[in-house]
Amino acid sequence: MGCERKALILMVVIWIMSFWTLSLADISSTEIAVYWGQREDGLLRDTCKTNNYKIVFISFLDKFGCEIRKPELELEGVCGPSVGNPCSFLESQIKECQRMGVKVFLALGGPKGTYSACSADYAKDLAEYLHTYFLSERREGPLGKVALDGIHFDIQKPVDELNWDNLLEELYQIKDVYQSTFLLSAAPGCLSPDEYLDNAIQTRHFDYIFVRFYNDRSCQYSTGNIQRIRNAWLSWTKSVYPRDKNLFLELPASQATAPGGGYIPPSALIGQVLPYLPDLQTRYAGIALWNRQADKETGYSTNIIRYLNATAMPFTSNLLKYPS
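If you're matching positions, the sequence shown starts at 1 in full-length UniProt numbering and goes up one per residue.
Keep in mind that the hints were calculated from the coordinates and are not lab data. There is no bait here: all hints are sound.
What follows is a list of derived Cβ distance ranges for each label pair:
id, residue 1, residue 2, range
1, E140, D244, 35 to 45 Å
2, Q179, S222, 44 to 54 Å
3, T114, Q38, 14 to 24 Å
4, D244, Q179, 21 to 31 Å
Backbone N, C-alpha and C fix where the C-beta goes; we use that ideal spot for every residue, glycine too.
Please work from the sequences and hints to get the whole structure.
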């Protein structure tokens, strides 16, 4: 009887350790993205030089639609119409980031601004504008003469017209016609399906989905409780077309940047949240941080990297007990 009990304990320990080793290996491949575009964010090139980020979202192109003569890029306190300083000086910094291996995306929409994909015809015109002035280096645009690595749909405002699937389809066709390599991504809220982007997501044309797990109590983390975020993640793995490692968790880099909640301390993210997310091995790609200013203040990305580079032992105690 004693031998059987010891054998059972050994089997349980081996199972736990194999689960823990697999989870740690999956987490160790975490890529980090960040939103950049406010005065307090510092220089774009300095953001890339940290070596913390694989993707930077220039945020935001947030004024466009049928009633707006020309789309406007507004980087708060950095450049744009309200500042009276064009953003073309960023061309050299963008190219420097790209030489360092950092992908630079243009983020559309955001929490402010006035924007809409007001008709299918307008969606086609907007797609052509984005390709000509941001994705192809064909002409000098608001950011200079650049070929950005992607377009990021960060649609957060209620609008009457929901033609985001048309815009995505037009960009996808342009990508095919020109044999371009630019990427397409989206940032839906954590509650699935997303009220603005679901039709676009169902086209299966997005390369990456960055799910916002904050400012929504129904599907975000609260201290010591991962059930809601776990359930939401599971829902996204089932509702988004299967593609290897195409799902990111978008998180606030500080409590102040998410007044509606959802902040996860770095140690809790690595030790208590990520290891328990379903389909981590096949679907998880990394995290995105809102935003660079908050990350500078808290050192969130640096702490994540430090935890990932640490020895495995600190995580065993967390993995032995499923959090409530």
